[in-house]
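S.K.: Going by the numbering used here, the letters in the sequence shown line up with residues 1 to 331, in that order.
Just so you know, the hints here were simulated from the structure itself, not pulled from any lab data. Where a beta carbon is used, it is the ideal one built from N, C-alpha and C, also for glycine. Where hints are given, some of them may not hold.
[Unchecked claim] Simulated crosslink set (BS3-like; lysine-lysine; CA at most 30 Å straight-line):
{"#": "1", "residue 1": "Lys87", "residue 2": "Lys39"}
{"#": "2", "residue 1": "Lys53", "residue 2": "Lys39"}
{"#": "3", "residue 1": "Lys87", "residue 2": "Lys53"}
{"#": "4", "residue 1": "Lys84", "residue 2": "Lys53"}
{"#": "5", "residue 1": "Lys39", "residue 2": "Lys84"}
[Stated by the list, open to error] Listed next, with one range per pair, are the computed distances between beta-carbon atoms:
{"#": "6", "residue 1": "Val56", "residue 2": "Leu181", "range": "46 to 54 Å"}
{"#": "7", "residue 1": "Gly273", "residue 2": "Arg243", "range": "43 to 51 Å"}
{"#": "8", "residue 1": "Glu219", "residue 2": "Asp33", "range": "30 to 38 Å"}
{"#": "9", "residue 1": "Leu227", "residue 2": "Ser55", "range": "28 to 36 Å"}
{"#": "10", "residue 1": "Arg243", "residue 2": "Gln188", "range": "25 to 33 Å"}
{"#": "11", "residue 1": "Asp99", "residue 2": "Leu211", "range": "46 to 54 Å"}
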Amino acid sequence: MAELRSPRHALGSLRLPGPAPWTPDPHLGLLLDADRLSKLIGMPVRATRLRPKPSVKHVAALADRSTGAAVGWVQVLIGPTRVKVDKARLVAAEVGLADRLGERTLPSGALLVWGPVETDPRLARALAGLDLGAATLLRYNPLRRLVLRVGDSVVRVTAEPHRWRWAHAVQVLTDHGVPVLRPATQEQARATGMRPGDRVSAWQWIEGRDLSGGATEDEQRSTGRLLARLHQVPTSSVTGLERRGWPEVRAAADCTVVQLEQVAPELGRVARGSWTSCPPPAGRGQTSSCTATSPSTSAWPPPTAASCSATSTDSAAARPRSTWATSGRSR
1 MAELRSPRHA
11 LGSLRLPGPA
21 PWTPDPHLGL
31 LLDADRLSKL
41 IGMPVRATRL
51 RPKPSVKHVA
61 ALADRSTGAA
71 VGWVQVLIGP
81 TRVKVDKARL
91 VAAEVGLADR
101 LGERTLPSGA
111 LLVWGPVETD
121 PRLARALAGL
131 DLGAATLLRY
141 NPLRRLVLRV
151 GDSVVRVTAE
161 PHRWRWAHAV
171 QVLTDHGVPV
181 LRPATQEQAR
191 ATGMRPGDRV
201 SAWQWIEGRD
211 LSGGATEDEQ
221 RSTGRLLARL
231 HQVPTSSVTG
241 LERRGWPEVR
251 AAADCTVVQL
261 EQVAPELGRV
271 ARGSWTSCPP
281 PAGRGQTSSC
291 TATSPSTSAW
301 PPPTAASCSA
311 TSTDSAAARP
321 RSTWATSGRS
331 R
């Protein structure tokens with residue numbers, strides 16, 4: 001459900017306020033109960049990529065319980081946010097899939113809304129025309145982004161514009177001698193069945209593996225040289241490059257802890273306790289390490305202030321983005 005990743009380096013401490021008394025959220029409880037959720041939706045699913053916003057709305061991906069493959073999205077709309085179902089209906093109707101949308105009013109008055117991936121309210125228009133049955137879904141974050149393999153191409157679809165920004169970043173890296181893939185042209189993108197646009201980009205599919213699979217010393221050295229070249233590219237060479245300093249890292253991690261306490265209270269208490277035991281942030285020119293006490297279960301490495309990336313709560317923003325290596329990653 002959630003994953004904490006703890007790099008060896010750290011940025012200091014998070015002096016978080018003490019947790020408020022935890023009150024179970026019935027809507028979160030529904031999404032976390034695969035049996036109840038499956039019964040309401042009418043198919044064997046479980047919620048993943050959960051983004052909770054208590055008393056407002058909850059968003060999650062739906063995964064097949066037997067294969068783990070993403071098959072759709074689900075939202076719990078609470079109070080005033082119930083009106084968002086109107087947009088979901090409109091978008092589904094526009095792409096000819098109005099009959100694939102499901103709705104159920106919960107006893108609390110909240111609205112449970114769900115549908116297959118191709119009806120995603122923020123992505124459906126861009127996906128129209130693509131045969132998802134002929135594609136391989138690589139990654140899906142509901143209402144945010146979708147990554148697919150279509151033939152020899154990888155297609156990325158996002159709710160926010162990204163294509164021109166990424167193309168510019170790739171050009172800068174190429175100009176500085178960094179070997180990177182270039183995005184496909186609009187014509188090449190059309191060949192995948194996708195509608196061209198700033199929210200859609202296509203890239204060449206490259207077979208390969210990472211360094212964890214028994215890389216040779218030469219391969220490791222070659223990768224190190226490439227990364228060194230990447231880090232030498234000045235971030236100022238790209239206009240509009242997003243920057244995150246300590247305040248942004250802290251705010252993102254604060255949010256992650258609060259969300260984790262909502263979804264998994266025991267793990268949330270472990271994360272909060274570990275972070276508050278860290279030393280103060282390091283000053284300029286200094287380094288700081290955060291040695292946290294590992295919880296009893298080996299499945300959860302000790303979290304640090306540098307990163308609390310909760311996959312379910314989508315808090316990858318907690319990682320600092322001061323270099324190209326972290327600013328230009330594909331997720």
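S.K.: For each hint given before, does the structure comply? Return the numbers of the non-compliant ones in rising order.
M.R.: 6, 7, 8 and 9
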